[in-house]
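Letter by letter, the chains look like this.
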Amino acid sequence: MSHISPERLAALVDETATPEEASHLAACAPCTAELAAHRKLVRLALTETPRENAPLNDWASLGAALRAEGIIAAPPAVRSGLSRRQWAMRIAAGAVLVAGSALAGRWSAGVELPSAPVQAASSAAAPTAAALFESPQAAMQVLTSAQQQYSDAAAYLAAQDTTSHFIGLNVNTYRARLTALDNIVASTRAALYQAPQDPVLNQYYLSALAAREATLKQYQAALPAKQALERY
Amino acid sequence: MADQLTIRRAVHGDEAALRALWVQYAPRIDAVVRRLVGDPDQAADVAQEVWIQIFRALPTYRGDSQFGTWAHRIAVNRTLNALRSLRRIGRAEFEIEEDTVSVEHDGERSLLAQTIDEAVQKLSPGARAVFVLHDVEGYTHEEIAAELGITAGGSKSQLFKARAKLRTLLKHLVDAPISQESSHVAHLS
Numbered sequence: 096m097s098h099i100s101p102e103r104l105a106a107l108v109d110e111t112a113t114p115e116e117a118s119h120l121a122a123c124a125p126c127t128a129e130l131a132a133h134r135k136l137v138r139l140a141l142t143e144t145p146r147e148n149a150p151l152n153d154w155a156s157l158g159a160a161l162r163a164e165g166i167i168a169a170p171p172a173v174r175s176g177l178s179r180r181q182w183a184m185r186i187a188a189g190a191v192l193v194a195g196s197a198l199a200g201r202w203s204a205g206v207e208l209p210s211a212p213v214q215a216a217s218s219a220a221a222p223t224a225a226a227l228f229e230s231p232q233a234a235m236q237v238l239t240s241a242q243q244q245y246s247d248a249a250a251y252l253a254a255q256d257t258t259s260h261f262i263g264l265n266v267n268t269y270r271a272r273l274t275a276l277d278n279i280v281a282s283t284r285a286a287l288y289q290a291p292q293d294p295v296l297n298q299y300y301l302s303a304l305a306a307r308e309a310t311l312k313q314y315q316a317a318l319p320a321k322q323a324l325e326r327y
Numbered sequence: 276m277a278d279q280l281t282i283r284r285a286v287h288g289d290e291a292a293l294r295a296l297w298v299q300y301a302p303r304i305d306a307v308v309r310r311l312v313g314d315p316d317q318a319a320d321v322a323q324e325v326w327i328q329i330f331r332a333l334p335t336y337r338g339d340s341q342f343g344t345w346a347h348r349i350a351v352n353r354t355l356n357a358l359r360s361l362r363r364i365g366r367a368e369f370e371i372e373e374d375t376v377s378v379e380h381d382g383e384r385s386l387l388a389q390t391i392d393e394a395v396q397k398l399s400p401g402a403r404a405v406f407v408l409h410d411v412e413g414y415t416h417e418e419i420a421a422e423l424g425i426t427a428g429g430s431k432s433q434l435f436k437a438r439a440k441l442r443t444l445l446k447h448l449v450d451a452p453i454s455q456e457s458s459h460v461a462h463l464s
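Just so you know, the protein sequences line up as chains A and B, in that order.
Okay, so the first sequence: first residue is 96 according to the numbering used here, each after it adds one.
Okay, so the second sequence: first residue is 276 according to the numbering used here, each after it adds one.
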């Protein structure tokens, strides 16, 4: 038998040799060497599989293309010509958010709160919601932006330590709050995996995170001078 | 692995989530695009199309497989479509040059590649696609046949020709240390 062809040798990396080919390979060192070279080539190819390179494009160009395709959510359209009533309702809704956040913060600091005004204001703002946005995407964009602002504001307030003057807060109270807030964070995070776009869950999650961070700082400040918080 | 929360946010057009997926998976996805396309400039254009297609299809991702696996399939499919539209791959163009083992006698040392990546770029588009998909990406001949619109037998034939050519181009990397080998190559040619 003459030597085995290169393409057949390449095939024998995957396929079984015929009896005639097998007996030839047993006796022919050059063909055996060629088969070994083909096997080495295939092993070499496998080493390419996990090899990664820098991306072929940058995000600026891809992001622009995705925006043009409408895949990245467009920024909310700014409505012109809102009526005086719509502006009033928008301001009212904002006031509800601010008041609700402030009251929640006071509640978390152990201060007694009045409850009726928040519920009343919420019910007054609800009918206007449909008039404020042009699409669900626009509403989501506003919500995302508001969440970021809320988070920034909470971080700022935490840095200012505005609740330190309230009486009745001590190390034990802070520790209890941290435990409770950890439970809330864990619960809301788990819920967000099921409903990631739910605005109420998002709000609870972000509020709990911000409150936890603030409480942690207060807890650290309340510890005796020589007692440092190593971890919580 | 991409977490489900990131994917869900990306589905809703959250730019940060889309970017996070791209940052995580572009090195791998773009690598297969570059291997299949060959030309770096064309590969960049195709990669952009691939990522737009992946994100456009994101609402159909059900989590049955890893996100990377799902995106990889789209990348291969979209890249092959792009190559077809560039008229670089078609049934008739899947013929590989018949000079499979002629390199050794050409005396053109420049044809010898330094790396397997470089050598693959010297294959015809069809042979390159079959070799990359089978020997690098692990596709079966049946899967390749479905992707390329050829038969499984045709895929095998292309693969063995591609391997034979690469074996010659990468002689210095894959030669077994046996002295008679050079005479064997001459004999085969």
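Hints listed in this document are in silico derivations from the structure and should not be mistaken for laboratory results.
Source: prediction; values computed, not measured.
Just to be clear, a hint being listed does not mean it is correct.
Computed list of chain B residues with no C-beta within reach of chain A, every gap over 12 angstroms [claimed, not checked]:
{"no.": "1", "residue": "Pro315"}
{"no.": "2", "residue": "Asn356"}
{"no.": "3", "residue": "Asp410"}
{"no.": "4", "residue": "His416"}
{"no.": "5", "residue": "Glu418"}
{"no.": "6", "residue": "Arg438"}
With the C-beta cut set under 10 angstroms, the calculated list includes, among others, these residues of chain B facing chain A [unchecked claim]:
{"no.": "7", "residue": "Asp278"}
{"no.": "8", "residue": "Arg283"}
{"no.": "9", "residue": "Asp289"}
{"no.": "10", "residue": "Ala301"}
{"no.": "11", "residue": "Ala319"}
{"no.": "12", "residue": "Ile349"}
{"no.": "13", "residue": "Leu361"}
{"no.": "14", "residue": "Ile425"}
{"no.": "15", "residue": "Thr426"}
{"no.": "16", "residue": "Lys436"}
{"no.": "17", "residue": "Ala439"}
{"no.": "18", "residue": "Lys446"}
{"no.": "19", "residue": "Leu448"}
We treat Cβ as the ideally placed atom computed from N, Cα and C, and that holds for glycine.
Quick rundown of the hints versus the structure:
With a least CB separation of 8 angstroms from chain A, B:Pro315 falls inside the 12 angstroms interface cut-off, contrary to its annotation. For B:Asn356, the shortest C-beta to C-beta distance to chain A comes to about 17 angstroms, beyond the 12 angstroms cut-off, and the non-interface label holds. Some Cβ of chain A comes within 12 angstroms of the Cβ of B:Asp410; the nearest lies about 4 angstroms off, and the non-interface call is violated. Distance check for B:His416 against chain A: the nearest CB is about 9 angstroms away, which does not clear 12 angstroms, and the non-interface claim fails.
A cut-off of 12 angstroms between C-beta atoms confirms that B:Glu418 is not in contact with chain A; the least separation is 15 angstroms. Remark: the non-interface label on B:Arg438 conflicts with the geometry, its nearest Cβ contact in chain A lying 4 angstroms away (cut-off 12 angstroms). With its C-beta approaching chain A no nearer than about 8 angstroms, B:Asp278 sits inside the 10 angstroms limit, and its interface hint holds. Hint on B:Arg283 holds. Least Cβ distance to chain A is approximately 4 angstroms, under the 10 angstroms limit.
Taking 10 angstroms as the C-beta contact cut-off toward chain A, the hint placing B:Asp289 at the interface holds, the least distance being around 7 angstroms. Checking B:Ala301 against chain A: minimum C-beta separation of about 4 angstroms stays under 10 angstroms; hint holds. Here the hint on B:Ala319 is kept, as its CB sits about 4 angstroms from the closest CB of chain A, short of 10 angstroms. Because the smallest distance between the Cβ of B:Ile349 and any Cβ of chain A comes to about 14 angstroms, over 10 angstroms, the interface hint for this residue is violated.
At about 16 angstroms, the closest approach between the beta carbon of B:Leu361 and any beta carbon in chain A exceeds 10 angstroms, and the interface hint on this residue is violated. A cut of 10 angstroms between beta carbons decides the hint on B:Ile425: the least distance to chain A is about 17 angstroms, and the hint is violated. Violation of the interface hint for B:Thr426 is found here, the shortest Cβ-Cβ separation to chain A being roughly 16 angstroms, above the 10 angstroms cut-off. With a least beta-carbon distance of about 6 angstroms to chain A, the hint placing B:Lys436 at the interface is held under the 10 angstroms criterion.
Hint on B:Ala439 holds. Least Cβ distance to chain A is approximately 4 angstroms, under the 10 angstroms limit. Interface restraint check for B:Lys446: the shortest CB-CB distance to chain A comes to about 8 angstroms, inside 10 angstroms, so the restraint holds. Interface hint at B:Leu448: satisfied, since its Cβ lies 7 angstroms from the closest Cβ of chain A, which is below the 10 angstroms cut-off.
Checked against the numbered hints given earlier, the structure breaks hints 1, 3, 4, 6, 12, 13, 14 and 15 and satisfies all the rest.
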